[in-house]
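K.L.:
Which chain is which? The protein sequence lines are F and B, in order. If you're matching positions, the first sequence starts at 26 in this note's numbering and goes up one per residue. If you're matching positions, the second sequence starts at 302 in this note's numbering and goes up one per residue.
Treat the hints with care, since some could be wrong.
What the hints assert, rightly or not - Here are some chain F residues the structure puts well away from chain B; computed CB gaps all over 10 Å:
1) N124
2) R304
3) L307
4) A361
5) R403
6) Y406
7) T504
8) L517
9) L522
10) L655
11) T732
Said to hold, decoys possible - Derived CB-CB ranges, DEER-like:
12) F:A196 x B:L349: 44 to 52 Å
13) F:V60 x B:A339: 30 to 38 Å
14) F:G55 x B:G345: 30 to 38 Å
15) B:D310 x F:T99: 30 to 38 Å
Source of the hints: derived by calculation from the structure; they are not laboratory data. Computed from a prediction, not measured in an experiment: that's the story for all the values here. All C-beta atoms, glycine included, are put in the ideal place defined by N, C-alpha and C.
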Amino acid sequence: MSGALAVPARIALVGNPNCGKTTLFNLLTGANQHVGNWPGVTVEQRRGVASVHGVKASVVDLPGVYSLLGGGGTDQAVAREFLLDANVDLVLNIVDASNLERHLALTAELLETGKPLVLVLNMVDEAKAQGLEPRTADLSAALGVPVVPMVARTGRGKQDLLNALGDALKAPPQPAPIRYPEAVEDALGTLSEALGEGGDARRRFGALRLLDGAAEAPSSAVRELLGTVRARVAAATDEEAADLLADARFGWAHALAGHAMRRGGRVGSRQRVTDALDRIALHDWLGVPLFLLVLYLVFVVSFSGGNIFLDFFDQASAALLINGVGHALYEVGLPAWFVSVIAGGLGGGLNLVISFIPPIGLTFLFLALLDDSGYMARAAYAMDRLMRRLGLPGNALVPMVIGFGCNVPAIMGSRIVEDPRGRMLTVLMQPFMSCSARLTIYMAFAVVFFRSDGGQVVFLLYVLGILVALLTAWLLGKTAVRGEALPFVMELPPYRLPSVQSVLVQSWQRLKVFMFRVGRVIAVIGLVLFILPGIGWTSKGLQSTDINHSLLAQGSRALVPLFEPMGIKQDNWPAVSGLIAGAAAKEIVIGTLNGIYQRQNAADLMEAYRDPDIGAQLRDAAKTIPANALTFITTLNDPLGLSDLGSKQAAEVASGADSATLKAIAAGFTPLSAFAYLVFVLLYVPCASTMGALRREVGWGWMVFSTLYGIGLGWGAGTLIYQVGTFAQHPQSSWMWIAGIGVAFALLVAGLRLYGNRQQGSGGSLLGATS
Amino acid sequence: MKPLFSLRDRLREQGMATASQLAAAMGLPRATIEDMLAYWQRRGRVELVALGAGDGCGSACGGGCAGCRVPSESGVTVYRWRASDRAPALPVTFHRLATLPR
Numbered sequence: 026m027s028g029a030l031a032v033p034a035r036i037a038l039v040g041n042p043n044c045g046k047t048t049l050f051n052l053l054t055g056a057n058q059h060v061g062n063w064p065g066v067t068v069e070q071r072r073g074v075a076s077v078h079g080v081k082a083s084v085v086d087l088p089g090v091y092s093l094l095g096g097g098g099t100d101q102a103v104a105r106e107f108l109l110d111a112n113v114d115l116v117l118n119i120v121d122a123s124n125l126e127r128h129l130a131l132t133a134e135l136l137e138t139g140k141p142l143v144l145v146l147n148m149v150d151e152a153k154a155q156g157l158e159p160r161t162a163d164l165s166a167a168l169g170v171p172v173v174p175m176v177a178r179t180g181r182g183k184q185d186l187l188n189a190l191g192d193a194l195k196a197p198p199q200p201a202p203i204r205y206p207e208a209v210e211d212a213l214g215t216l217s218e219a220l221g222e223g224g225d226a227r228r229r230f231g232a233l234r235l236l237d238g239a240a241e242a243p244s245s246a247v248r249e250l251l252g253t254v255r256a257r258v259a260a261a262t263d264e265e266a267a268d269l270l271a272d273a274r275f276g277w278a279h280a281l282a283g284h285a286m287r288r289g290g291r292v293g294s295r296q297r298v299t300d301a302l303d304r305i306a307l308h309d310w311l312g313v314p315l316f317l318l319v320l321y322l323v324f325v326v327s328f329s330g331g332n333i334f335l336d337f338f339d340q341a342s343a344a345l346l347i348n349g350v351g352h353a354l355y356e357v358g359l360p361a362w363f364v365s366v367i368a369g370g371l372g373g374g375l376n377l378v379i380s381f382i383p384p385i386g387l388t389f390l391f392l393a394l395l396d397d398s399g400y401m402a403r404a405a406y407a408m409d410r411l412m413r414r415l416g417l418p419g420n421a422l423v424p425m426v427i428g429f430g431c432n433v434p435a436i437m438g439s440r441i442v443e444d445p446r447g448r449m450l451t452v453l454m455q456p457f458m459s460c461s462a463r464l465t466i467y468m469a470f471a472v473v474f475f476r477s478d479g480g481q482v483v484f485l486l487y488v489l490g491i492l493v494a495l496l497t498a499w500l501l502g503k504t505a506v507r508g509e510a511l512p513f514v515m516e517l518p519p520y521r522l523p524s525v526q527s528v529l530v531q532s533w534q535r536l537k538v539f540m541f542r543v544g545r546v547i548a549v550i551g552l553v554l555f556i557l558p559g560i561g562w563t564s565k566g567l568q569s570t571d572i573n574h575s576l577l578a579q580g581s582r583a584l585v586p587l588f589e590p591m592g593i594k595q596d597n598w599p600a601v602s603g604l605i606a607g608a609a610a611k612e613i614v615i616g617t618l619n620g621i622y623q624r625q626n627a628a629d630l631m632e633a634y635r636d637p638d639i640g641a642q643l644r645d646a647a648k649t650i651p652a653n654a655l656t657f658i659t660t661l662n663d664p665l666g667l668s669d670l671g672s673k674q675a676a677e678v679a680s681g682a683d684s685a686t687l688k689a690i691a692a693g694f695t696p697l698s699a700f701a702y703l704v705f706v707l708l709y710v711p712c713a714s715t716m717g718a719l720r721r722e723v724g725w726g727w728m729v730f731s732t733l734y735g736i737g738l739g740w741g742a743g744t745l746i747y748q749v750g751t752f753a754q755h756p757q758s759s760w761m762w763i764a765g766i767g768v769a770f771a772l773l774v775a776g777l778r779l780y781g782n783r784q785q786g787s788g789g790s791l792l793g794a795t796s
Numbered sequence: 302m303k304p305l306f307s308l309r310d311r312l313r314e315q316g317m318a319t320a321s322q323l324a325a326a327m328g329l330p331r332a333t334i335e336d337m338l339a340y341w342q343r344r345g346r347v348e349l350v351a352l353g354a355g356d357g358c359g360s361a362c363g364g365g366c367a368g369c370r371v372p373s374e375s376g377v378t379v380y381r382w383r384a385s386d387r388a389p390a391l392p393v394t395f396h397r398l399a400t401l402p403r
């Protein structure tokens, strides 16, 4: 075929489709082209004549192929046959520099042909735009062939190419092919010998194709030999020969591309940063501790930073909404009960919500930053991988991915899990994830009892929720709902600098929900509990009484003994009322506490409405900002509050917050009983909507189980914390409580196992059991 | 480094994954990961599962979620290791983080 031109040198142009091969061909040959067909096939053949330093050379543009070995049809066969033909003097391999690793796969095969080769590194401009700087000399040294950087489209590098071609035609460079693993090289040697026909390169190439499975054995003897050598390779390496060949080529291309293209410039450094971050963020063992550290910092910094403004928000809103409004209404001459309702009930509720805007707003801001930067998705992936490794299901990450927002969409999200077991476990894990409504309660208690290390407490509660979710799924997966864990897949977004607008919009949307939806609930509940005439059961039957003797108080007091093991005292009955009302929605817990405490203090508040010095109160409020900022700065050397950990004394109960509700909380709890209460709040029924969603997804039976399980677990954990914390005061009764909880848990596990066995025995489907 | 075998081991362990997960976890370019997955696909060891874009997003956000964005029209392509017969038909999937509370 090349003989028709009767020129001394024959150059074959080879490359992947779309690597700029035809452009280069046109650049080399100009108008001296001939277009025809390859003999016997309908594949287009383009030939032309190039002048290399005054010497004419025939250039053949081979069809664009990804591989010479197999799977590419007629184009590939044409290219392969031509290249193995003894008449080719030089192979000109064109690769896309911006996608070098992928294109080097073909280069690896070309080296096997044993032909002298010149490599054209095309599109170096695009590679540079991606931050890739070609190291031509290094690549040339590694391959043992000349490498010419070019932009064929513009003709840049043409002269260098002609020089390289001239040199290569005079002194043909001899590239070294890839060395495969020893067992594979032995197999190739054995097969080459058996393939008697052709030169060394053709025989080795034939052996490669046979071993790769790309060609049929020419005879039964060779087929038998092929089977033998494949078995020998498999025995020596535990891998199949074809996979070893491919792996060696991928590894070679990866190493070479990494060596030949240096990442530089802005884009390059960005990729370097991404790679470096991913190496840590997705590390098998470091990924999860890093995520916990990040989460820890988010809560600690949000809480400490929020503290600077918390007192100002609290005192200023109290001055304006409670005292100011109360005074105005009092001055107008409205009846005292009405003033109390509006200023104490409504104003008190709003005051409480407004106080928590700084720490909660900062938490939302940081969570939005993590989300927008692309880190949250990686944290979810790293958690899932570690959980799987520990034999735990990673599906707990679903709510984390939904941003610690709300349990309801997390439960609905489980619908995309097709297998009933996975869906059930995913659903049953969700109620334990801390939603934003629970954050309000955490913050209120943290402000009162853990002012200096509230962030750590909030972090601890979040982590506890994740752990209980995992424990639940693990326990149920081993007992009642047995089967295999599901993989968790998602597109990982690239890292990026968070956009200010996106972060602000996202955190504002969540803060808005907190302020208006949660705020509305708290204010309305406060109002209702204020308006509700205190009706109580007295010796004379049902009578109007003060709130401390109302039916609400009597009912709650009757239930207090149930909560006494976790540290709730008889006179702290509002805490129990809060829990009961909180089963409807978690934000109601604080709303209820607020309503009752405000009502209890109504008489004092009336005093305050008569003659409040609102100006002085606002000035005092403003003064708290620099004072708190100073505290924040002086504790900067210990931002994590580590020195405080473990040294928390009951006497440390000191709240800077002015709200009557927060003061009443401080009086009703100790730090230990407050923490036990928070753990109960975390674990018991999240809210009516979540339970409704749960029932829709997994049926009544599991919804009832989840409710009772949550209450039991919350009570057990709260009691355990309180009893362990106060062990020294009453070791005997503490032992009994702790042992009782242990026995109850063991009974639960046994019951679940029994249920699982029965399910397996009857072969009943999970969905059948639940619907 | 044995990239092809590392990829196989990782995918076999996980059951299924997206190319971006594998690329990030292995520190390799996504194009290389896709080529290697294509190799295992040719060898009959890996299969593609195409997830509709709407599935996860709509249900995860309860239909009214502004934070849920879908990167492409075609949804997410997931690679599944075929040897694990026990893998479910569809995995847990989120295209983008949805961050709004109720």
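K.L.:
Are the hints correct? Go through all of them and say.
P.N.:
Now the hints, each set against the structure:
no.	hint	in the structure
1	N124	violated, 6 Å
2	R304	violated, 6 Å
3	L307	violated, 5 Å
4	A361	holds, 38 Å
5	R403	violated, 7 Å
6	Y406	violated, 6 Å
7	T504	holds, 19 Å
8	L517	violated, 4 Å
9	L522	holds, 17 Å
10	L655	holds, 34 Å
11	T732	holds, 19 Å
12	F:A196 x B:L349: 44 to 52 Å	holds, 48 Å
13	F:V60 x B:A339: 30 to 38 Å	holds, 32 Å
14	F:G55 x B:G345: 30 to 38 Å	violated, 47 Å
15	B:D310 x F:T99: 30 to 38 Å	holds, 36 Å
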